[in-house]
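Novice: Residue numbers (numbering that gives the first Met the number 0), protein chains in the order written: chain A, 0 to 332; chain B, 0 to 337.
Some hints here could point you the wrong way.
Covered by chain A, according to a simulated footprint, are these stretches of chain B (three or more residues, beta-carbon under 8 Å) [said to hold, decoys possible]:
| # | segment |
| --- | --- |
| 1 | 143-157 |
| 2 | 265-279 |
Not close to chain B: a few residues of chain A, all C-beta gaps over 10 Å, as computed [unchecked claim]:
| # | residue |
| --- | --- |
| 3 | 149 |
| 4 | 269 |
| 5 | 305 |
Partial pick of chain A residues on the chain B-facing surface, computed with a CB cut under 8 Å [as the list claims (entries may be wrong)]:
| # | residue |
| --- | --- |
| 6 | 120 |
| 7 | 125 |
| 8 | 131 |
| 9 | 138 |
| 10 | 140 |
| 11 | 143 |
| 12 | 147 |
| 13 | 151 |
| 14 | 154 |
| 15 | 270 |
| 16 | 290 |
| 17 | 302 |
| 18 | 308 |
| 19 | 310 |
| 20 | 318 |
| 21 | 320 |
Quick caveat, the hints were computed from the structure, so don't treat them as lab data.
Computed from a prediction, not measured in an experiment: that's the story for all the values here.
Backbone N, C-alpha and C define an ideal beta-carbon position, used for all residues, glycine too.
Chain by chain, the residues run as shown.
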Amino acid sequence: MTAQPLDLNLRRYMRPLGGGTHLTVWVALALLILFGAWRYDNFLSAYNISSFLQYNSMFVLISVGMCLVIMTGGIDLSVGAVAALSSVVAALLSARGLVVALPAGVLTGLVAGAINAGLIVGLRLPPFMATLATMLAARGTSLVVSDRQAVSVDWTSDFTGLGMNKIGPILPWTIVVAAAVVLVAWYILERTSLGRTVLAVGGNAEAAHLMGLKTSRALVFVYLFSGACAGLAGVFLASGYGAGQPLEGQGWELAAIASVVVGGTLLTGGMGSVPATVAGALLFGLVFNLLNFENGLGVISLSAYWQSVIRGAFLLIVILLQVRLARPAASKA
Amino acid sequence: MSQQNSLTGRGLGGVGEAPAPRRSRLNRRFLGLVAALAALILLNVVLTPNFLAIQTLAVNVSQVATVAIVALGMTLVIATGGVDLSVGAVMAVAGALAPLIFGSAWGQANPGLGLAAAIVAPLLVAMCCGLFNGSLVSFLGVQPIIATLILFISGRGVAQVLTNGNLQTFSNPSFTWLGTGRVLGLPVQGWIALGLTVIVALVVRKTIYGRYLLSVGGNERAAALAGTPVARVKIATYAIASTFAGLAGLIDVAINSASDAARVGNLMELDAIAAAVVGGAALSGGRAPILGTLLGAVFIQLVGYTLIANGVPDEATFIVTAAIIVIAVYLQDSRRRT
Numbered sequence: 000m001t002a003q004p005l006d007l008n009l010r011r012y013m014r015p016l017g018g019g020t021h022l023t024v025w026v027a028l029a030l031l032i033l034f035g036a037w038r039y040d041n042f043l044s045a046y047n048i049s050s051f052l053q054y055n056s057m058f059v060l061i062s063v064g065m066c067l068v069i070m071t072g073g074i075d076l077s078v079g080a081v082a083a084l085s086s087v088v089a090a091l092l093s094a095r096g097l098v099v100a101l102p103a104g105v106l107t108g109l110v111a112g113a114i115n116a117g118l119i120v121g122l123r124l125p126p127f128m129a130t131l132a133t134m135l136a137a138r139g140t141s142l143v144v145s146d147r148q149a150v151s152v153d154w155t156s157d158f159t160g161l162g163m164n165k166i167g168p169i170l171p172w173t174i175v176v177a178a179a180v181v182l183v184a185w186y187i188l189e190r191t192s193l194g195r196t197v198l199a200v201g202g203n204a205e206a207a208h209l210m211g212l213k214t215s216r217a218l219v220f221v222y223l224f225s226g227a228c229a230g231l232a233g234v235f236l237a238s239g240y241g242a243g244q245p246l247e248g249q250g251w252e253l254a255a256i257a258s259v260v261v262g263g264t265l266l267t268g269g270m271g272s273v274p275a276t277v278a279g280a281l282l283f284g285l286v287f288n289l290l291n292f293e294n295g296l297g298v299i300s301l302s303a304y305w306q307s308v309i310r311g312a313f314l315l316i317v318i319l320l321q322v323r324l325a326r327p328a329a330s331k332a
Numbered sequence: 000m001s002q003q004n005s006l007t008g009r010g011l012g013g014v015g016e017a018p019a020p021r022r023s024r025l026n027r028r029f030l031g032l033v034a035a036l037a038a039l040i041l042l043n044v045v046l047t048p049n050f051l052a053i054q055t056l057a058v059n060v061s062q063v064a065t066v067a068i069v070a071l072g073m074t075l076v077i078a079t080g081g082v083d084l085s086v087g088a089v090m091a092v093a094g095a096l097a098p099l100i101f102g103s104a105w106g107q108a109n110p111g112l113g114l115a116a117a118i119v120a121p122l123l124v125a126m127c128c129g130l131f132n133g134s135l136v137s138f139l140g141v142q143p144i145i146a147t148l149i150l151f152i153s154g155r156g157v158a159q160v161l162t163n164g165n166l167q168t169f170s171n172p173s174f175t176w177l178g179t180g181r182v183l184g185l186p187v188q189g190w191i192a193l194g195l196t197v198i199v200a201l202v203v204r205k206t207i208y209g210r211y212l213l214s215v216g217g218n219e220r221a222a223a224l225a226g227t228p229v230a231r232v233k234i235a236t237y238a239i240a241s242t243f244a245g246l247a248g249l250i251d252v253a254i255n256s257a258s259d260a261a262r263v264g265n266l267m268e269l270d271a272i273a274a275a276v277v278g279g280a281a282l283s284g285g286r287a288p289i290l291g292t293l294l295g296a297v298f299i300q301l302v303g304y305t306l307i308a309n310g311v312p313d314e315a316t317f318i319v320t321a322a323i324i325v326i327a328v329y330l331q332d333s334r335r336r337t
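Just chain B, same shape as in the assembly (with noise of 0.2 Å):
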């Protein structure tokens, strides 16, 4: 199970592996979803009034990013064969404190330092908890699900208690520049979930790490056999996913210059999931799939876009989302058996 969409990532290339039809049988999938992305485009070109103006791009960028940064970060840990369902409670918590940070006596003194703690802290806090969902899920063996299940409950409870439960609403451009900032007329968080998206499918291909992270999916007790240190790989998993939910936090409360700690992140476990599906990761582990994410956010936010232009109703788009995955997971169950 550790191959590889050939643009997206590598397979181990071990011994008896026949790489060459795998590879394009998934490729084959990658092309699918572009296909239906540009169908899907063409189709707005047709139906949605001023779908090709700048601004719809920018709302569309600015939308996906924060779910796309949070999926990439899902793929790692379902390429392990887990999941992760603690990533939209973390966003919250990070959320929660980035405005206690800047907006304290201490950071209001120091703009400057103010400013880079109130980035910094959250996220390594985030990756705490990674490091937290990773220890439980390799050093005591406990189910990704229930590992996570504890941050899930908990960690939207502690951001609450952070900030009593209020909404913080802040002023501060400098902060809010990393959710309405403009970087060659497109939102900044679309770039830097472009910029990861290019890191991570980097990460995946080319160092060592992307290659036990497969092969820990794939075949876990022969990973450990062939000495892959499976325990540090699943907690650098979990923390990295964790990491990337913190920035999907700050970004979150950027883009709203207000921080609810009940709201941010709120389902963002589930959007995650369906972006990651979309794009061809496997709950069984063994794939990382990273372009496919970001193109499996990219189709689900559109589509939701699509509808939404077009007056179908919010709530509706609920429906369509569950008929995507149940699509795009039977696809490749499909293509798993044969």
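Only chain A is shown next, with the shape it has when bound in the complex (with noise of 0.2 Å):
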């Protein structure tokens, strides 16, 4: 107890990324992309970087929404599916343009996230089984709406402008639009009263409902939240790779899970970061893309299966690393 003023004055230094423990991340991300500048060629050329943020922003998306969920002691499982739904239905209507394509895969993950806060806060299911169902269903309608088939992109539309273009030679206007989405979020947690509800939920829900506070919007906000950043990525995966795909976005939500615990959020709610989630979604990503760099040098070969060995052995080290910093606050409370 007698460390908590200085505990407290070292996260209100450290509040923009996150704070506290979650500097670890950063330092993490920062130490594993200059390794990457070391050691290999191309790693920082803007094909590489332009590639690596397309790539991940879907992810960075989708994990920002499985934040904000967790924050709240809940969970979402239907996101991978979501997503694929979303692309299908992007895709079949990507002739009409992006106008209408865009707002549509968005619209398809809030009616997905509708349907979890309506079974959650409604029906009072517990979200692993809630979501799970929604998963099943999202999965299966889409394969239902895409017959089985990847559905392919109008290429004569603006759709896949959203997906493939760039700012520069690095800057994909998909990372553009996830970080603004991560701004959004940011800026809902950190400075209004649904942000705090959020947190507070977390903590306890029943205390924060006894004090008053709208609880029941806040987790109807987690869900739609989630619900829609999966639909824009769903979006993103048709636009940026030309198709509409019903059985991508497998494991897509377990990997939004261990980028979210990467970043330091423990799955019990009441506490989190955005920007540590981020940096976290990037990590993840970075150890792929290092992986094919390592494997381009020819020194060691290791097949596409390494990759997710490593990647869970990955998750085992930051799982050991925060059981070792979360004790002690553990075991204060």
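Work from the hints to combine the two standalone chains into their complex.
Specialist: Structure below.
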């Protein structure tokens, strides 16, 4: 308890990055980037950076949505399937242009989020089971709607512009949009009563409710937000890779959960950091990216299958570190 | 929360417990599931051509057996208040190991010993996966979802590394008997699933482990204060779940005479959780309705079969399964509130 004033001071300085224990993930990210730049020739090439950002913008999005959900003590297993469904919907509507396909994809996500919210807030189902059901339903719907085929987008419309165009040589539009969403999420959490309620619900839902906070509204909000993020990620997928893909997104929910955990957020809710989650998502992507480069050097040859093994090992290390970091805090509580 | 279905297990029966009304309520749920199953079978007798053929039964039994076996272990894990996402990946690991062992030079030189090793070694490896999960959960206090997420992510990768991602096809009649053999006209794996269900139900009802299991899931702190070896119980439970998953992986591979690390056990964690929940397990723990889980697996299987046999596309069964889960959890939740 005596260390607490110091602790608070540190937090204030590091707040923009997520503060306190979340700093680790930024340091790890910086170290990995430095390592890559030192070891591989084309690591900092415009092509690598832009394709890395383009691909990972989807994971940044769903991870941020997941982060808000987890802060309330919930979980959203449906994001991968919802992204797949949204990519199919957006691809089917791509002939009408971005102005129709983009909102349609996001709306798909919002509908899924509304279903989640209805099941969790309305029927009081546990989030794990409710979003599991939505996941199955969304996957089934995307397979039915697409007739099990990848749905090619209309290349003559402006739809693919969002996923493929860049600002300058490095910045894909998708990461710009994702960054905007991150900023919105961060602003809501840090600066609005809605955001405070999100954290309060995760800390102690009962107490928050008794204090007169609008806990239901906060819960509905996070599932809608997560759904919208997944929907947008699906639009990115269809737009950036030229097809709506009903079978894509398997395991995305778990990748997102892993990113959130790597970012230092505990699944029990009540705390967490949007910026650190973004760093967690980028860190996960970077591990893949570095492995590809390492393979390219030809010194070692790791098949693609090793990547998931290494990702799992990486998650294990992060968790072991977190256990050490979290222990003192937990025993105080 | 230590109440149990009287057909499938029993609560602690401790001081201050009022088992009678609770038990009847749980019985009602179990009977509801039986009634739903009976209605579904009746519907099929009317609707589905050739439903009463022994072949139909065999097909359904052979398809549901692996889910049921995994779901038994999942039910135990859920009873502790946890969940095991790694079962599908563990299936893939076990399924990849078996052909490697009996197909190796040593295995072919000693067919008998090779076959035994090809069954025992994958099960041991699977058990180690469970020990790993359980240790993370109980010694380090990692949340079960996260702890089992590690093997979910990397387990399948390990299986793919072992096999180089290749489809291993093989012809080994003694091994494939596990998945294609018939005993009394029904698939072997159906009998295995049934036998395991009975054993696990008895273990939950009759052994100290069963009592510990329910008390850990019911109220972990109280259980610890009462002297329950919480850590050991949890680790054992995860080890059992993973071993069952390994067995299911062996059966899956035996059915197909082929092991594809990318496919074996894919999405099995969801099927198993669904079966357990439909059977009456609550994610909050403290309940281990073993017979219910078996019926839950059969129910989901039969609904899928009914739809497909009547021309509904495969994909739509996902949506129906989702609806079943929602209904099952909703009924459970409303009962818990009363």
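Novice: It remains to establish, for every hint, whether it holds in the given structure.
Specialist: How the hints compare with the structure:
{"no.": "1", "hint": "143-157", "verdict": "holds (count 13)"}
{"no.": "2", "hint": "265-279", "verdict": "holds (count 5)"}
{"no.": "3", "hint": "149", "verdict": "15 Å, holds"}
{"no.": "4", "hint": "269", "verdict": "14 Å, holds"}
{"no.": "5", "hint": "305", "verdict": "6 Å, violated"}
{"no.": "6", "hint": "120", "verdict": "13 Å, violated"}
{"no.": "7", "hint": "125", "verdict": "5 Å, holds"}
{"no.": "8", "hint": "131", "verdict": "7 Å, holds"}
{"no.": "9", "hint": "138", "verdict": "5 Å, holds"}
{"no.": "10", "hint": "140", "verdict": "7 Å, holds"}
{"no.": "11", "hint": "143", "verdict": "5 Å, holds"}
{"no.": "12", "hint": "147", "verdict": "7 Å, holds"}
{"no.": "13", "hint": "151", "verdict": "19 Å, violated"}
{"no.": "14", "hint": "154", "verdict": "27 Å, violated"}
{"no.": "15", "hint": "270", "verdict": "14 Å, violated"}
{"no.": "16", "hint": "290", "verdict": "12 Å, violated"}
{"no.": "17", "hint": "302", "verdict": "7 Å, holds"}
{"no.": "18", "hint": "308", "verdict": "4 Å, holds"}
{"no.": "19", "hint": "310", "verdict": "5 Å, holds"}
{"no.": "20", "hint": "318", "verdict": "6 Å, holds"}
{"no.": "21", "hint": "320", "verdict": "11 Å, violated"}
Hint compliance for this structure: hints 5, 6, 13, 14, 15, 16 and 21 are broken, all remaining hints hold.
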